[in-house]
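Could you slot chain B onto chain A? The hints should help.
Protein chains in written order, with my numbering: chain A, 1 to 110; chain B, 1 to 114.
Please note that a few of the clues may not be correct.
[Claimed, not checked] Computed spacing ranges between beta-carbons, pair by pair:
#1 65/A with 16/B: 47 to 53 angstroms
#2 39/A with 13/B: 42 to 48 angstroms
#3 10/B with 56/A: 36 to 42 angstroms
[What the hints assert, rightly or not] Think about it this way: if two alpha-carbon atoms lie no more than 27 angstroms apart in a straight line, the pair counts; the simulated DSS-like pairs of lysine-lysine are:
#4 15/A with 109/A
#5 105/A with 11/B
#6 57/B with 102/A
#7 11/B with 57/B
#8 11/B with 102/A
#9 9/A with 22/A
These aren't lab readings, by the way, just hints derived from the structure by calculation. Just so it is clear, the structure is predicted and the values come from calculations on it, not from any experiment. Just so you know, even glycine gets a beta-carbon here, dropped at the ideal spot from N, CA and C.
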Amino acid sequence: AQRVTQPEKLLSVFKGAPVELKCNYSYSGSPELFWYVQYSRQRLQLLLRHISRESIKGFTADLNKGETSFHLKKPFAQEEDSAMYYCALSGRGSQGNLIFGKGTKLSVKP
Amino acid sequence: GAGVSQSPSNKVTEKGKDVELRCDPISGHTALYWYRQSLGQGLEFLIYFQGNSAPDKSGLPSDRFSAERTGGSVSTLTIQRTQQEDSAVYLCASSLLRGEYGYTFGSGTRLTVV
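So that you can see chain A by itself, here it is in the shape it has in the complex (with noise of 0.2 angstroms):
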């Protein structure tokens, strides 16, 4: 079954200090995967997919089949990143939708 899996509800770290939110996913083919950002009274936005291999507001994740991972990294985190991460699995080629983790709210404090 498709799964993706955030095991961090909560994620608190301080202003410049690194990140990393964790995604592991479950899926039999080749997926491509997302992480999505939800910042505070604003909509849900796409920070960025993996196969555009692209870094945004200086967040990278790369994808490790081996483990089937995702996980999303900051090497200096900033207060502004505070907010609530979604990381999503799509089926390579499906007619289908996203499947989202749970969620994960990271808190950057000064």
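Structure of chain B alone, referenced to chain A:
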């Protein structure tokens, strides 16, 4: 339009009443999705429309929930005989093709059943 528009932004209804939630996707986006966002539950898939194909209704939690998409554009999610457990934020998203470039989400409708 410039983004995905949802209305109303907030809806309070009495238990047992029917509600309709509306989504206006980005022009040209062929795929449209409804999700439910509950505290601690993340985003729960409800239904997916792609062009003129039959919708994927596999996520609808009960037969009280239904949705339609008219003319390949605007979609309406209907909840009949609302229950308190239906209280949540209902999110609509649209995308090009199958969403491999990511979805664009609306701001949601916060439904409260009292």
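How the hints compare with the structure:
Look at residue 65/A against residue 16/B: about 49 angstroms separates their beta carbons, and that is inside 47 to 53 angstroms. The supplied range of 42 to 48 angstroms is broken by residue 39/A and residue 13/B, whose beta-carbon atoms lie about 28 angstroms from each other. Distance hint for residue 10/B and residue 56/A: a CB-CB separation of about 31 angstroms, inconsistent with the stated range 36 to 42 angstroms. Annotation: proposed proximity of residue 15/A to residue 109/A holds, straight-line Cα distance about 6 angstroms (limit 27 angstroms).
Distance restraint check for residue 105/A and residue 11/B: the Cα-Cα separation of roughly 26 angstroms lies within the 27 angstroms cut-off, and the hinted pair is therefore satisfied. A C-alpha spacing of about 21 angstroms is found between residue 57/B and residue 102/A, which places the hinted pair at or below 27 angstroms, so the restraint holds. With a C-alpha separation of about 23 angstroms, the suggested pairing of residue 11/B with residue 57/B holds against the 27 angstroms cut-off. Of the pairs offered as hints, the one joining residue 11/B and residue 102/A holds, with about 24 angstroms between alpha carbons and a cut-off of 27 angstroms not exceeded.
As the CA atoms of residue 9/A and residue 22/A are separated by approximately 10 angstroms, the hinted pair is consistent with the 27 angstroms bound.
Violated hints, in rising order: 2, 3; the structure is consistent with all others.
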